[in-house]
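**Student:** Each chain, letter by letter, is given below.
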Amino acid sequence: MRETFRLSMAYMHTWLGLVLGLVLMVVFFFGTLSVFDREIDRWSVPETRAAAAAMPSFDKIIRPYVEQVQPRQESMDYAQAYEVIGQLPPADRIPLGDMSAVTSHRDPLIKVYGTFDVPNAPRDASVDHVHVFGDLTVHPETGERLTSIEQQLHLGTEFFYPMHYMLHLEWYDVGYWIVGLAGLAMLAALVSGVVMHRKIFREFFTFRPDKPRLRATLDLHNLTGVVALPFLFMLTFTGLFIMAYFYLPAVEDLARQTIDRQDAIEHAESGLPEEPAGRPGGLASVDAMAADAKARWAAKGTPGEIGYIAVTHWGDANAYVSIGRDSVDRVATGETLHYRAATGELLYEDPPAAPITATEGFLHGLHYQQFKHWGLRWLLFAGGLLSCACIATGFLFFVEKRRRKHAAAGVPGARIVDTLAVAAVPGMLIATVAMMLANRVLPADLAGYDLWQERVFWLTWLATLAHGAVRSGAVGAGGTSRAWGEQCWALALLGAAAAVANWATTGDHLGRTIATGYWPVAGVDLVLLAGAAAAAWAGYRLGMHGTLHRPRGAVAPQAEPVHV
Amino acid sequence: MVSGFRTVDRFAAAILGGFVFAYGFVALATLGGFALGLPFFEAWSLTMMLSALVYLGVLVWGFAARRTAIVWAVLGGGGAAMAAAAWAMARTAS
Amino acid sequence: MSDGILLAFAQVLAIGGMGCLALSLAAHWKQVFGDRAQTRGAARGLRTAGALLLAASFGLCATANPVSMAALVWPMMLTLAAAIVAAALTARAQRARRG
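In the order they appear, the protein sequences are chains A, B and C.
So that you can map any letter, position 99 of the first sequence is 99 in the numbering used here, and since no number is skipped, the others follow by simple counting.
Plus 564 on top of the position in the second sequence (first one is 1) and you've got the numbering used here.
Plus 658 on top of the position in the third sequence (first one is 1) and you've got the numbering used here.
There's no promise every hint is true.
Unchecked claim - Once the Cα atoms are required to be at most 20 Å apart in a straight line, the calculated EDC-like pairs of lysine to aspartate or glutamate come out as: (1) A:111 to A:170; (2) A:372 to C:693; (3) C:688 to A:219; (4) A:372 to A:305; (5) A:111 to A:158; (6) A:60 to A:158; (7) C:688 to A:74; (8) A:294 to A:269; (9) A:294 to A:350; (10) C:688 to A:203; (11) A:294 to A:219; (12) A:111 to A:74.
Stated by the list, open to error - Taking CB as the label site, the calculated pair distances span: (13) A:257 to B:568: 39 to 49 Å; (14) A:412 to C:695: 17 to 27 Å; (15) A:49 to C:701: 48 to 58 Å; (16) C:710 to A:230: 47 to 57 Å; (17) A:105 to C:710: 52 to 62 Å; (18) B:645 to A:263: 51 to 61 Å; (19) C:684 to A:374: 38 to 48 Å; (20) B:568 to C:703: 51 to 61 Å; (21) A:274 to C:663: 44 to 54 Å; (22) C:661 to A:300: 50 to 60 Å; (23) A:90 to C:662: 50 to 60 Å.
As the list claims (entries may be wrong) - Derived contacts from chain A toward chain B, CB cut-off under 10 Å, selection only: (24) 15; (25) 192; (26) 196; (27) 200; (28) 251; (29) 256; (30) 259; (31) 352; (32) 356; (33) 367; (34) 544.
Keep in mind the hints are simulated off the structure, nothing from the lab.
Just so it is clear, CB atoms sit at the ideal spot from N, CA and C, and this is done for glycine as well.
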């Protein structure tokens, strides 16, 4: 019975891993990059290379812009395509419902977001209202609106991060579903991996690169999987948890009336109006409310900066202002005070979280990582890289195990998987770095500058797949694909070129960024160069030996010590 | 051909059956937790946290169980039954 | 002492602890000490020392950061420490074999 269970787990591990491993590679790699999404934004939009900004005066700097926010075209297109019945009104006719202004210890600019109430009836009967969204960017000191920055593609938060959770597949949210299924497959792979691994403790630290390649690959897969197991499990679990309300809308579907009633009770208890009154209302000084919030935090012994200010029911008599603390010193997010907009009196303070809510906050915070803790940020980055190594070696093991057998049988299976692995490992890295290089060398005034960066990413990735397929002949003959080594060299060159291009186009070379302590840009450059060096090393070893290590097929086992 | 069908059947039973089961679980456990006295939104949060683990558990079982017909019956049937029970609870409570 | 230094020490202790745990395993003991036999007492001592070092590492994390933060920092430090120890053992074994 136990053996059958192990076999069924091995079956699940192999095939779920094979089918969804590529997606997992993408999700984990771009998730790893997203740990430093704001820093990549600084690198890719040089106009934003400035020190982080505290929340400025709402009354002077932010308020004049609130009514200038308009729905973004992408948001309008999405709502039109999937959410509403009939034609949407023009963007400037859709009324603003809620607004928020956000900054953090990693953001140099203030983003002002608007949520707009669409008058059209929703297609999905279980949805109350459809909303469209817009934002604009304001300089925290001069109070100037930065239109040119708004229009530029921020590689970190606007391309790599969405890649992590929806693969840029918007069509019927299919990207979210694929990522969700891959997340589930990852949890299943972790459970089945632990079941399959016979010597989890005895071989905890074991990597034997001198063993034959099949064994060495499995060692590395096991090692990275076991040491990163807590990270892999927690990040996958929290990611699924964050999206669970989307994937499993059972309560919304089956108990809508209970939700509405409980919502109403909660709003009645807190005194925060759920719906607008429909009459216009004033807005007292938000700066005074902000000062009051800061004083209350200080009085509680947790002084802090403001992370966001939100106004719900903008311009309405029922409007209220929520002031949230920038939770730099804790994992969980959220510590918010709410004020009546018209008078500025405190309406409600979020109560200390009950155990379940506190756990929820911790799990969310663990995934969103908004805290100010650079050591932890780097540790999480390292955990992400280990996870990627685990997924990649899983692929390689699949190929390695079947390489000779498939070659002998004339079956293309191993060759196809190897090609996909080439595209998923060096190929994906090449596409990413090529996009960063394009971001620096394409002229920013080029028509479709953003679109071209995205095209460079997708086309380069496709090219690495084609190259992998063309050069994989050796796998068909039971050997190693040439594509690995060649793509490693390409990656090394591109990585170095991207760092140099940053210097050439902005003047921010490492000497300057390190000397002035501007770590967001210095860090990205250093990771690019370290990656390039690692790729060059791998390319060199692959070129020399056709493999990263020197297997000594016939190493004699060391003589057992004789016990006297 | 037969083995191809078996593979698809096994994956579908575990993944789709598991989805139906998780869906039913979310509805019933939320309303059940609420009925047992947990504040509604806390019951819901707790259920959502557990949902990934429940789905994982039944997925593993779906691959380990000997016959897929049983997997389909237990996961699909169980999920549907839980969803129906939750729906009835929501109706009667209001 | 600044939090950064405390955390650096915590990472060092974690590496030491993981190193002790690795040496308590027969295969790794042999990688490092060759043919010198590992006594039962040595294995037990290393295991205890490893556990104590890891616990001390958590203590430092919890001193530098709030406990809820340390609950995330410490496991990540252990992951990194285990990876470093594994890499060190591998490098040592390779060097030894190349002579």
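**Student:** Next, verify each hint and record whether it holds.
**Tutor:** Hint check results:
| no. | hint | result |
| --- | --- | --- |
| 1 | A:111 to A:170 | 24 Å, violated |
| 2 | A:372 to C:693 | 48 Å, violated |
| 3 | C:688 to A:219 | 18 Å, holds |
| 4 | A:372 to A:305 | 12 Å, holds |
| 5 | A:111 to A:158 | 14 Å, holds |
| 6 | A:60 to A:158 | 28 Å, violated |
| 7 | C:688 to A:74 | 62 Å, violated |
| 8 | A:294 to A:269 | 24 Å, violated |
| 9 | A:294 to A:350 | 15 Å, holds |
| 10 | C:688 to A:203 | 13 Å, holds |
| 11 | A:294 to A:219 | 53 Å, violated |
| 12 | A:111 to A:74 | 18 Å, holds |
| 13 | A:257 to B:568: 39 to 49 Å | 45 Å, holds |
| 14 | A:412 to C:695: 17 to 27 Å | 51 Å, violated |
| 15 | A:49 to C:701: 48 to 58 Å | 54 Å, holds |
| 16 | C:710 to A:230: 47 to 57 Å | 20 Å, violated |
| 17 | A:105 to C:710: 52 to 62 Å | 36 Å, violated |
| 18 | B:645 to A:263: 51 to 61 Å | 28 Å, violated |
| 19 | C:684 to A:374: 38 to 48 Å | 39 Å, holds |
| 20 | B:568 to C:703: 51 to 61 Å | 56 Å, holds |
| 21 | A:274 to C:663: 44 to 54 Å | 50 Å, holds |
| 22 | C:661 to A:300: 50 to 60 Å | 21 Å, violated |
| 23 | A:90 to C:662: 50 to 60 Å | 54 Å, holds |
| 24 | 15 | 7 Å, holds |
| 25 | 192 | 7 Å, holds |
| 26 | 196 | 12 Å, violated |
| 27 | 200 | 17 Å, violated |
| 28 | 251 | 5 Å, holds |
| 29 | 256 | 8 Å, holds |
| 30 | 259 | 8 Å, holds |
| 31 | 352 | 14 Å, violated |
| 32 | 356 | 4 Å, holds |
| 33 | 367 | 12 Å, violated |
| 34 | 544 | 41 Å, violated |
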